[in-house]
Structures are given as C-alpha cells and as structure tokens.
Amino acid sequence: MANKKSSRSKKAGLPPGSLVYVGEGQRHETIVSYCSFNEHSIERKELSSLDEACVAPKEGDVLWLDINGLQNIEVVEKIGKFFNLHSLVLEDILNTTKRPKFEDFGDYLFVILKVVHPISDGGRFVAEQVSIVLGKNFVLSFQEIDRHDAFASVRERLNSGRGRLRRMAADYLAYALLDSVVDGYFDALEVLGENLEQLEHEAITSASEETLTEIHHAKRQTLQFRRAVWPLREIMSGIIREECDLIAKSTMVYLRDVYDHVVEVIDVLEADRDIAAGLLEIYLSGISNRLNAVMKVLTVITTIFMPLTFIAGVYGMNFEYMPELTWRYGYPMVMAIMAVIGIGMALFFRRRHWL
Amino acid sequence: MANKKSSRSKKAGLPPGSLVYVGEGQRHETIVSYCSFNEHSIERKELSSLDEACVAPKEGDVLWLDINGLQNIEVVEKIGKFFNLHSLVLEDILNTTKRPKFEDFGDYLFVILKVVHPISDGGRFVAEQVSIVLGKNFVLSFQEIDRHDAFASVRERLNSGRGRLRRMAADYLAYALLDSVVDGYFDALEVLGENLEQLEHEAITSASEETLTEIHHAKRQTLQFRRAVWPLREIMSGIIREECDLIAKSTMVYLRDVYDHVVEVIDVLEADRDIAAGLLEIYLSGISNRLNAVMKVLTVITTIFMPLTFIAGVYGMNFEYMPELTWRYGYPMVMAIMAVIGIGMALFFRRRHWL
Amino acid sequence: MANKKSSRSKKAGLPPGSLVYVGEGQRHETIVSYCSFNEHSIERKELSSLDEACVAPKEGDVLWLDINGLQNIEVVEKIGKFFNLHSLVLEDILNTTKRPKFEDFGDYLFVILKVVHPISDGGRFVAEQVSIVLGKNFVLSFQEIDRHDAFASVRERLNSGRGRLRRMAADYLAYALLDSVVDGYFDALEVLGENLEQLEHEAITSASEETLTEIHHAKRQTLQFRRAVWPLREIMSGIIREECDLIAKSTMVYLRDVYDHVVEVIDVLEADRDIAAGLLEIYLSGISNRLNAVMKVLTVITTIFMPLTFIAGVYGMNFEYMPELTWRYGYPMVMAIMAVIGIGMALFFRRRHWL
Amino acid sequence: MANKKSSRSKKAGLPPGSLVYVGEGQRHETIVSYCSFNEHSIERKELSSLDEACVAPKEGDVLWLDINGLQNIEVVEKIGKFFNLHSLVLEDILNTTKRPKFEDFGDYLFVILKVVHPISDGGRFVAEQVSIVLGKNFVLSFQEIDRHDAFASVRERLNSGRGRLRRMAADYLAYALLDSVVDGYFDALEVLGENLEQLEHEAITSASEETLTEIHHAKRQTLQFRRAVWPLREIMSGIIREECDLIAKSTMVYLRDVYDHVVEVIDVLEADRDIAAGLLEIYLSGISNRLNAVMKVLTVITTIFMPLTFIAGVYGMNFEYMPELTWRYGYPMVMAIMAVIGIGMALFFRRRHWL
Amino acid sequence: MANKKSSRSKKAGLPPGSLVYVGEGQRHETIVSYCSFNEHSIERKELSSLDEACVAPKEGDVLWLDINGLQNIEVVEKIGKFFNLHSLVLEDILNTTKRPKFEDFGDYLFVILKVVHPISDGGRFVAEQVSIVLGKNFVLSFQEIDRHDAFASVRERLNSGRGRLRRMAADYLAYALLDSVVDGYFDALEVLGENLEQLEHEAITSASEETLTEIHHAKRQTLQFRRAVWPLREIMSGIIREECDLIAKSTMVYLRDVYDHVVEVIDVLEADRDIAAGLLEIYLSGISNRLNAVMKVLTVITTIFMPLTFIAGVYGMNFEYMPELTWRYGYPMVMAIMAVIGIGMALFFRRRHWL
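Residue numbers (numbering that gives the first Met the number 0), protein chains in the order written: chain A, 0 to 354; chain B, 0 to 354; chain C, 0 to 354; chain D, 0 to 354; chain E, 0 to 354.
If you're looking for bench data, these hints aren't it; they were derived computationally from the structure. Please note that a few of the clues may not be correct.
The calculated lysine-lysine pairs, modelled on DSSO-like cross-linking and capped at a C-alpha distance of 30 angstroms, are [said to hold, decoys possible]:
1) 57/C x 248/B
2) 100/C x 135/C
3) 248/D x 97/E
4) 44/C x 248/B
In silico negatives: residues of chain E with every beta carbon more than 10 angstroms from chain D [unchecked claim]:
5) 45
6) 53
7) 183
8) 266
9) 304
10) 350
Restraint ranges, calculated between C-beta atoms of paired labels, are given here [what the hints assert, rightly or not]:
11) 341/D x 205/A: 34 to 40 angstroms
12) 247/D x 276/A: 37 to 43 angstroms
13) 252/E x 266/A: 30 to 36 angstroms
14) 205/A x 272/D: 35 to 41 angstroms
15) 237/B x 196/A: 32 to 38 angstroms
16) 343/A x 328/D: 51 to 57 angstroms
Note that the structure is a prediction, hence the values are computed from the model and not measured. All residues carry an ideal CB built from backbone N, CA and C; glycine is no exception.
Could you put the whole structure together from the sequences, leaning on the hints where they help?
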C-alpha cells in the first residue's frame, strides 16, 4: 500500500467537481468490457470506441460495463454523462485516494471499495480503488489499475452460466462484485498472517536491525489494511438497512452474508494488529536477553582472570625479601593455586547457569 | 486453537452457496445420533443410513438430530433439504471458520457457536464449531469434530430423565445445548487460569527464552478464546430480545441465565487478558533485575582487584632507587595493605547490598 | 480476593436449577436472624428451627430475615419455597461466584452484590457475595460468610430506633442494606489507597524482587475490586429507572444517592488502577537508575586504574636501556604523575556528577 | 489536591441524611455574605447573626447568600431549613468529597462543582468544593475553604454595576458564578502547562531520581484535575437540556457558552495528560541515553589501555632470551608503537562518534 | 502551533461578552476586503474606511466581507452591530483560542474553524482561527493572521468566473470557504507525513538526543493538528443534519462531500498519530541495539586481552626456579601461544557475529 497522500494535492485549489485523475498508476490503456446478459444468452466484448459503451441496456437484459484503468478521463466523463451520474460521483471515481463510502442517489447507488491484493515481494499489499454504480438494470464498475482484474471470478461465472448469477437482476450482480472483493481480503489476510508468523519467529530467534524495520513495516501494512476494510462494516450495514427499490428483498440475505464476512475480516485484522504490536515487545525482549548473555560472558571472563592476574602481579614484585620466590616449589605451587581458583570460578558460574 | 485462516481460501472464487467443507479436521466418520422423546418415552439410535435421518418428528415428540463430524457433505446436504434450510445456512454449517452468529429465518432459528475445550498438552485449546438449528418441534445440532461430544451431559440427562428436560419443548432442548456449551467455557477458563498462574510464577523466578515463547503463546490463546466467546454476548442478547413463536416465554428466563454466564466468562477472560499482558512486563522486569545482579558482580570484582593489581604493578617496576623494595618488611607490609583494601571494599559493597 | 474460578466447575454438567453451594467458605453454622418491626415495636431473635423462619410477616410490620452462611442448603431451599422464589434465584444465591446483577421478578426484586472487606494482612481483600430479595413487606438477605456481618450498622440503627429506618417500609430497609454495602467500599478503598501509596514509596526508594510481586498483587487486587463494583453502576441505574410498585417514589431519591456513591467509588478505583499501572513503570525506572549508578562506579574505577596500571607496567619492562629507571628521582616522579592522573580523573568524574 | 479518601470514613455507619462536615479544612470562621440587589440598588453586608441570613428575598430583588467555610454546621442547617432544602442536599453540601453533580428538585436546582486553584509551591493544586442552589429569586452558594473566594470577580462586578449582571434575574447570577468557576480552570491550566513544560525540559536534560517523583506527581495532579472537571461536561449538557422555569431562555445561550468552555478545558486536560504520560518515556529514554554514554566511556578506556598494558606485560616477562630487551632502541620503539596504537584507537572511536 | 493557553487568561474576570482580542498575533493592519457579485458582474475592493464595510448587500447580489487580522476590535464591533450579531459571537470571533464550533442563530449560521498551514522551518504548523458567518445573502469571514490568506483560491475563482461559484447563492460561497480550509489540511498532512517519515529514518539509523526532542515535538504537532480538526467532524455532521432555510438542498450534497474529506483527514491523522507513537519505540529499540553493539566490543576486547595479559604476568613473576624462562625458545613459544589464543578468540567471536 503505497502512501498516496502526496498525490492528493494535485487537486487543491481546483473548483469542486473538476475531473482530475488523482492516483499513482502510470498511464496504461483503459479497457472497457461490455457485458449484457439474461438467463439464456450473454454478449461480451471489449469495446474499442467510446460510443459503443454508451448504449442503453437491452430490454430484459442486465448490462455490466467494467472500466479497468482510470487514466483516460474522457471515458469516465462520457459514461458519466450517458448514465446521468452526479459530477461529484465522477470526481470520487477518479480520485483514488477516497475512503470507502456508500451513497444513495435515488436513481442509482454508489459504492467505493478498496481491493487489497498482495504483490510478489514478501508481505506487501496494493490497495486498489474500485467503484460500483448500481442502476435499475445496469452495473458500472471502475477499477483503478488495469494490470489486475478484481472481478475475474465473476466474469468467469457469468460466462459459464454456473450458479444463479445469470438468472438474477442487476442487484445480484452488484452483490457478486462486492462478494468477490471481500473474498479477496481473505487471500490477503493469509499472506499477511504468514508474514507476521515468520516475523515473530525471526524476532525470537535472530533479531537484527533489519527485523526492526520489517516489524515496523508489517505494523503499518496491518494498519493500512484495516483502514481499507474498516469503513466497509458501516457501509454494508448501511446498505442492509437501506430501503430502496434497486435492491430486491431476496438479495438482502446475501448482502447480510457479505456483512458477516466483513466482520470476520475485521476480527482477524484486529487480532493481526495485536500480533504486530506484540512483535516489537518480543524483539525488545530478545535484545535484552542477548544483552544479558553478553554481559554474563564479560563478567565471567573478568571474574576469572582478574584474581589470577593479580596473583601473577604479586609475584612479579621486586621486593628483596620474598621467601616464596626462592622456594623450589614456589612456581608450580602458585600455578596450581591459580588453576584451582580459575576452575573453581568456572564451576561456580556453571552452577549459576552463566556458562 | 489452530490458526484456520489458511483453510478459508479453499472457497475463494466459488459461487455463494457452494457446499464445501472448510476446516482442518481429518476425514473421520460422520455420526448421526437420532433422539426422539416426550415426557414418557425416549427413542435413541445411531443412524446407519441417511434416509433414516430424514423422518418428520413424531406428533407430540421432540426430535433431536446430532450430526458429529462434518466431512460427509452429503449428510448435511440431505438433512438441509429435508428440513428446508437456506443454502447459506448449510454453507455456514460446513464452513467452520465462521464467527459465532445468530439468525432468525422465520421457520427456524440458526446459531453458530464455538466450543472451547482444552487438549492434553499444557494450556492449549481447540475451538470447535457447533451449529444449532431450532425448528418448531425439532433441534438439529452439528459438531465439527467427531472425537469430542460437547453435548454428552445433555444426552445423559435426557436418558436418565433427570431434570425437566424431557417434559419441555424443543426450545428448552436448544437452551440446554447452549447452556452445556457455555458451561464448558468455565472448565476451559480454569485450565487457562492455572496456566497463566504457572507462567507468572516462572516469569518471576526463572525466565528463560522459552518462557518468552510460552508467554506469547498464552497471550494469543487468551485472545483467541476471547474472539470465540465475545460475539456470544451480542448473540444471546439478540435471542433474548427476539420476539418469535419458537421460544416460549418460560424459556426466556433460562436464556437470560445463559446470557449472565456469558457475561461472566467474558469478565474472567478480560481479567485473564490483563494478566497475560502483564506477564511480559514481569518477564522484562525479571531480565532487568538479573542484568543488574550480573553488573554488580562485575563491578564488585573489578573494583576490588583493580587497585590491588595496580599496587602489585607499582612494586613490579624496575627503578633502581625504590627504598621499599629493600626494606625487610616491605613485602608483608604491602600484602597487609592489599588485604585491608580488598576486605574494606568487600565490606563496603556488602553494606550497599551488592554482595 | 481469592480466585474462585476453580470452584465453579462443581456445577458443570448438572441440570440448571440444581441447588449446590459453590464457594470457598468452610462449613460453619448458618445463622438466621429474624427481625420484624414497625415504628413502635421491634422483635428480634436468632432462629433455632427452620420452621420459625417461615412465618408470614405480621400485618403492618416489615419482616427482615438475614441468613448468614450459605453452607446449609436446606435453609435456603425452605425459605425459597416459602417466599415462592424462582429456582434460578436460589441457585444464584448459593453460587457465590456470580457477577453482581439485578432482576425484577414482578412479586419481588432480586439483587446480587459483592461486599468487599479488607483482611488483616497487608492490603488483601475478601469479596463476599450478598443477595437481597425485596418483597412487598419483607426483605431477605443472604450473606456468604458467617464470620463477617456486612449489615451490623443497619441492625444497630434498627435497634436504637435512630433515623427514619423504623418508620419506613421494606423498600427503605433494602435501600439501607445497599447503602451499608456501598459505604463499606469506602473503607476498603482507604486500605487499598494506603497500600498503593506505600508500594509507590517502596518502588522509588528500595525496589527488590519482592516489591515486583507486591506491585503485581496490588494491580490484581485493584482489578478484582473493580470487577466487584463495576456492574453495580448499571444495576443501580437499572433500579432507578425501574418503574415498579415495590419501591416508593420517596425512596428513589435515596437510591439515586447510592448511585452517586457507586460512581464515586468507581472513580476512585479508576484512579487507583492508573496508580497501580504506574507502579511498574516507577519500579522499572528505579532499576534503570540503579543500573546506571552501578555502571558509573564500574566506569570510574576502570578509568582511574587502567592508565595507572599501564604506567606501572611500562616501568616494569625489562629493557636494558631505560634511562628513567636509573634516574635517582624516577620512582617518586612516576608516583607523582600517577597521583596527578588519578586525582585528576576523580575530579573530572566528580564534575560530571558520576561520583 | 490532597487525597481526601480517608476523611470520607467519618460518615460510615451513620444514617443517611446525618449532617457531618467531611473535609480537611481546619476550623475557621464561617463567613456569610448577604447581597440583595436589583438594577438600581444593591445592599451588601457580612452577617453576624444567623437569623439575619434567614430573610425572604425582597420583592423584585435577587438575593445572594454566600456561605464561605463549612465547619459551622448550624449555619448550613438553619439556611437549609429556611429555604426548605432536602436533607440529602445539605448532606452533599457538607460532604466535600462529592463528585460534581447536578440535580433538579423542582423548586430549586442544585449543583456541586470543584474550584481548582494553584497553591504557591510549584505546580500543586487545591480542589475546593463549591455548591450552588438556584431558587426562584435567590442563589445560595457554599464554599468549602474560607481563605479563598472563588466568586471575587462576580462580587466586584455586582458592586460596580458593570455588565448586565444587576439587570438580570437569579438564573443569570447563578450562570455568572458557574462562569467564574470555569474561568478559574484556565488559570490553573496555565500553571499546570508551565509545570509540565519545565518538567519536560528537566527530563530531557538532567534527569535525577527527584525528576521521576516530580513526573509522577504531575501525572497524578493532571488526573485529579481531570476528575474534578470531567463530570462538569455532562452536568452542563444536562442543565442545557433541562426544561424548567427557573432558567430563562435568554440565559441558555450563556450556559451553552460555559459548556463550550468546559469542553475546551477538558480538551487541554486530555492533551496535558498525554504530555504527562509522555514525560516518563522521555525520562526513560534519557536514562538509556546516559547509560549508553557511560558504557561508551568505559569501552573506549578499556579498549585503548588493555592492548597497551598487554604489550608492557610482554616486555616485563623475565625470559633470558628476548632480543628486543637488549636492543638499544627497544624501549623508545615500544613506546612509539604504544603511542601509535593508543592514538589510532582514539581516532577510530572519534570517527564512530564515541568520543 | 504555538501554545496559546497563556493568552487566554487576559479574559479571566471580565464580564461575559466583553470584546478583547485573545491571541498571539502582533498588531498588524486589519484588511477588510469587500466583494459583491452576481452571475454577471463582480465588484471587489479593499475598504479603507469602516463605514464602507457596513453597506447592505445589493439586491440580487451576494456580499462577501473578509476581515483579515483581528487586532482592530472596532472593525469587528462595527460589523457585528451592523449585521446584528450576538455579542457572544463577536467575543468568539476575537478569542482565537476557541475550539471549532457551529451554532445556528436563526438569522445566521456561525462556524469557527482552524486553518492549519505549515511554516517554513521543518514540520512546524500554525493553526489560525477562521470564523464564518452565513446570512441570507451575505457571508462574513474573519481570519486571525493577516500575513496568510486562507481563501486565496476562492477569491481567484470568483474573479475568473470559473466554476459555478458566481452563479450560486451565499450558502455555496460559504461551502467554498469551508472546502478551501479543508483542502488546506491535505497540504499540511503531506508536510506532516514527510516529516514523520524522515524522523523514522533518523530514528532507525542515527538517533541522537536531538532526535528524541524532534520525535516528541512531532507527536505533539500531530496531537494539536488532531485537536484542530477533530471537532470538525461533529460540526459538519451537525450542519448536514441541520434543517434551515439558509442552506439550499442542492448545496447539501457538496457539504456531505466536505464531511467525507474531514473524515479522510481524521483517518490519516489517526494513522500519523500511530506512526508518531511508534517513533519513540523505534528510537528506544535503536538505543538498545547500539548499547548491545557497544557491550559486544567491550566484551570482545576484554575477553581477548585478559588471558594474554595474564600469561604475560605469569612470565613476569620473579621465581628463581621457572624452567621456561631459561629455555632458549621460551619467548617465541609463549608469543606463539598468545597469538593462537588471541586469534582463536577473535574467530570465535566472529562466528557468533559479535565482530
């Protein structure tokens, strides 16, 4: 989850409703997938011209337009005009630093979500903004990054005709999209959980300064993940309480299921946050333990050799009258005493578990 | 409580309502216990064929089907179809990573719980998912793991005819099942509490790096236990507030009692969490204390022997004119001075309680 | 406050409503005090036979039965039957591990409280369960431990006829009992506060490993005290909001006063909890300070004697051509230099406040 | 803020409504100031006899009785009887350990507040209890300590006739009293803030064990200040929501202003609490930093002199065949080598910023 | 954000409604900008005389008076009188230590906000108070500091006629002012975020005592920023819920957008607060790591040279019968043994990663 705060300032000072893409993606192509289906038939294509996108849904069909990649502002603008979306909606779609939110505009419902998917190198995530507009017989979805398709499983189910997706109305499609986003969180949670467990192992066994950086990073990732999912709880409960004609009663039970999943994700995230917070404590305990070990070595060495060196020093003195010096067995005697002292000390420390 | 996050991803991408067993149990047999009773008679058997399970309850009897072990999906599917359960209910029963929850489907009530039972080796717990379906005159219960029967005491009371269980309707049976799950928490709490107390003792007296791992583990266990019980509070208060025909007024007072017990369990868990959190502080204090002790030894040794070695060094110098060296009593005099210094230092440190 | 979790498991597996004494008190006698009074007369006796207890209150009188000691289950059972109490109420009275609670059974109100009183040895508390049943013209009170009478002051006031107690109805008596329990908290708070202050003094001045254990114990005591009092806030506000015939309007203003006292107790307890939590920080700071002091001594000694020993070592070398050695004033000169270095170092450290 | 818990126990065991002064003030005189005013005239006097106090307010006038010093219980009792106050109100006025509270008795409103004023020696506060009774055309105020007049500014404004105070009714006077109490908090906050800043400076630069005690004391002061102000928020919002004839609509806007001030005070206090909590962390960081500095000195000295002493030791050995010893330039050579090693080490440590 | 508590006391003791400037700005000129516009024309000037300011807005025009700099109390007083503002409103405008707030006075709405803008030197902020009064066809805005214009972008848009600003009524102008303040927060957040990241880098790599001060400062800045923005959430949700004629329904959707932005700002601030709180932990971990490194150096040096010095001491003893001393190869042999011991020790420490 790259820090996106800086890109936000592109907009400062512009009149509200100005359409500017605020995000970090490099300019790629914007892909518009058109899909119109009913229980019996399905028509799918990738649109080449913008005018093709702006067709009213066929009678009895559900229309799904999926716009992947937001750098092409014209596309969004044109679709917005055709489907009669409020200018603030278009602005929100393009501003990919938005917090997840839900708004009911009467004719259509508007939801902003964050898709979280892990990227290859260890334990890092990208949060991609996804906006969904649910109208009477159409669903519009906008994905920020074109390299990743958050809705692949839904697309595949639509094609195969498996499940009840083709038989249902637009609201069920919107639910399916929401569901696939929330299902994606579980995958990300797994990666996060594994990463945390590995870090914990590292923190206990062999903590370097690098580990500290890693721990801090993991903590931040967890917090940012949480920030992406947290508002969803309120949003889902808002949708469930919402009384509007766009969502059928029978779909509600499915939306409640999504709500349950969101609560579960948040539960796990809270636990992960506790684990991440505990990592630093473990790391610090590890450092303290190692410091203790080092100090014990130092103390043992000092305590053994200081008395011995002192004794050697004594017999190095140059007094004329030191009877031991002239004694035939003085030298071996002193060496023996030294050995006794040294070995005695070592045994003493071993008994106190310092060696 | 093994971490179950990873098994959750089996489901990602499947259409909602797909029946897949999500859990960690190895494949064992699925045991279906049939029990139909009224005040006067009781009929109990372990069913061999699935068709036997799907019998409508006898007039005036309460039917209890207990399915122990969830790996046999067909059983669940068949029973679900016979008792007309929603597909999402079946999905929830089979997905043993669900958060505890309660839902009222009109014709039946559906509750998911976690049974927590300690396993043999020190202070570890298994959280087993249990689902209960309460219909007009039947109760269905689903247990995740076949090696453990969470409802043994209820079964035994039914057989013996003790208490009012046989005289009451299905709602009282459902209450009895809930109650036996919550009673099980108290046993687990005891094990947890003893474990924490032992760890605290260890942390104060003889903390090794192993203790650190143990403390961390205990902290996690407490958190996971809490996660299993916490939602139950809301669930129970939801059931109590619920106005539905399936639960008689007279049963409500018993359910309120279960609610009180859940609150008590959570209270103790909160206290245990505080204790577990405090363990690390105690552990760190212990390390600091020991470091202090080590440093004192080092300082005492250094402070005693450094001056002595210095004096020996002085009289080891080779100056030609050192009057003390030729003095007859130089050597014993110096030795006496050294003894005075050494003993004086030792007494000084003893007075400061460093020795 | 002894840890009572373990005794709870006596009940596991029994049918709900089974009367078993769950607690830790040894088996003592159960004392039943009978008291029937009106404004003009009072009749008091300690009952010897159970049948005497089961007398309907006299017309116009208020009856107060105080059962002190719960080991005699028959007494509780008989009284319960006579006054027509719900079996769960009797179970709660006997299970002294219950959380404080309040329930309105229509004919009577039922309150469970914890009396906290300090025991002789430093800063320890016992939490005794007290149950109060308020009926139309009677009050039943049940005390767990017979050696301690939580209601002595009420009894004494009744006898003396002081205050308005004798002129009022049963609800005022129940209030007086509640009030005397809450007043007892203030005494316990004082003991707790003094204990904390003494520990704080110890932690700053002379922290031993024993202090650590004491601090930890005080923390736990505070938490358990809090657990005993905390639910009372909700209970009192529940009683105040309750609209029932058993409590007169004029009594309500007194119950609000009790509520205020409970809030005050909780306030002080929260402050005590902060103090207890801060004790460990102070203790750790003290250890760090002492470690610093030790290290300074070590460093000073090392820094003074290492250079001196080095110089002595230099003039202990056996080179043939060392002009200083043959110089007449070499020895006093070197000694003087050593003295200058040693004293200089000592002064330097004194200026840096290390000595 | 002296700890007042202990004085509370004077009351334990007394019947509710007993009038006993609970507080710490020594017995001083009780001063009763009488003030009756309307827009045109004002009459002020210090009352000598109690009977003078008990005069009904003049027609069209507002009466303000300010009782300063609570040790004279008779005064309070007499006034209470004359103005027909509930016995619990009188008890609360005299019990200066009460939590701030607000109660509507129909005929009059009753507010308990804490006045916080700094006392001369650094950063300490006294919390004095002030009770205000607002009747139809009178205001009674009770101050705990007679040496301090919390209402001096109001008194002065009344005399001078400045502002709208003289033109308004009793409710505005009560507001003015409240306002002057809350204004006093800002002065106390300033003293507290300066104290905290000074402590922070001390903690960073020169932390002694005394600083630790000071920090702990500041933390406690902040908490106790908070405890005195915190309930006021709820009280003020209670007064604002209150619909009663005693407070005119036009006064409400002023009370809302007081509410805003209280919220501001709490805001600053919360920030101060964070600062106070952070002080210990800074203090501990400071200790750690100093420990590091000490250890570096020790290590530098040891690392420089140990090799030198070793070399001197080598040439102090008494082997017969040590060619260097007889070499003419052996001594200066060795001295030069030692100098190179010593200076090299010192430079190395300087480069690592240890010196 | 300079600490403004001290300036607050200027007001203590004054009657409520007294107009005194409470703030820290030095006395600069007060600039009054007059702007009257409709869709077709705009009239802008800086007013020289106060009387010019007090002109009723032209029929069909929207009037915007922007008062920049509050030291000139007369201006505020005169405008207040002309537009008929409550005296408490004027007092609040001049008291720049107020908490953000919103009040509906019927004829006009009154909002106090804090503008946060970074000042040149690293990571410091100034919080400037801005008050907005929205009347039927006029908007009054008051800025505390004249050197900074928080509304520059609005002014510029008005002039250019870009956007819908000129076409809309006074409520939209008020919205635009609010929006520009909230947009300013994002800029400040960026500066804050960069500062925190830099500090984190510093804390990990090279923490000096200065870093500690910087960290503490950053923590405080974050808290004060939060304090400035936090109340805005409640204020905005209050405005949105408000039903009044002064704000058109069509403007509400824009205000909801501002509300969303405020929530986003608070989200980022909460994350920044976590980061700031984590900095100290990192700093302390860094110190501990460095201490460990220092101790390892000390231990390695001591452990290598102590045995060597001891051996040299042994052969410096003056016993008459020490066969090694007269042995031809004694000296090189001992030197070789010493080298083996020294190199062996060094290798041993390298293997344990201490070197």
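Verification of the hints:
1. 57/C x 248/B: violated (34 angstroms)
2. 100/C x 135/C: holds (20 angstroms)
3. 248/D x 97/E: Given pair residue 248/D, residue 97/E holds - Cα atoms ~24 angstroms apart, limit 30 angstroms.
4. 44/C x 248/B: Between residue 44/C and residue 248/B the Cα gap is close to 41 angstroms, so the pair fails against 30 angstroms, i.e. violated.
5. 45: Check passes; 33 angstroms lies beyond 10 angstroms.
6. 53: At about 24 angstroms from chain D, residue 53/E clears the 10 angstroms cut-off, so the statement holds.
7. 183: holds (22 angstroms)
8. 266: Given a closest Cβ separation of 20 angstroms, the condition holds.
9. 304: Check fails; 4 angstroms does not lie beyond 10 angstroms.
10. 350: holds (21 angstroms)
11. 341/D x 205/A: 34 to 40 angstroms: The hint (34 to 40 angstroms, Cβ to Cβ) holds, given that residue 341/D and residue 205/A are roughly 36 angstroms apart.
12. 247/D x 276/A: 37 to 43 angstroms: Once the Cβ atoms are compared, 53 angstroms apart, the range 37 to 43 angstroms for residue 276/A and residue 247/D is violated.
13. 252/E x 266/A: 30 to 36 angstroms: For residue 252/E and residue 266/A the Cβ distance comes to about 34 angstroms; the hint holds.
14. 205/A x 272/D: 35 to 41 angstroms: holds (39 angstroms)
15. 237/B x 196/A: 32 to 38 angstroms: For residue 237/B and residue 196/A the Cβ distance comes to about 34 angstroms; the hint holds.
16. 343/A x 328/D: 51 to 57 angstroms: violated (44 angstroms)
Hint violations for this structure: numbers 1, 4, 9, 12 and 16, all remaining hints satisfied.
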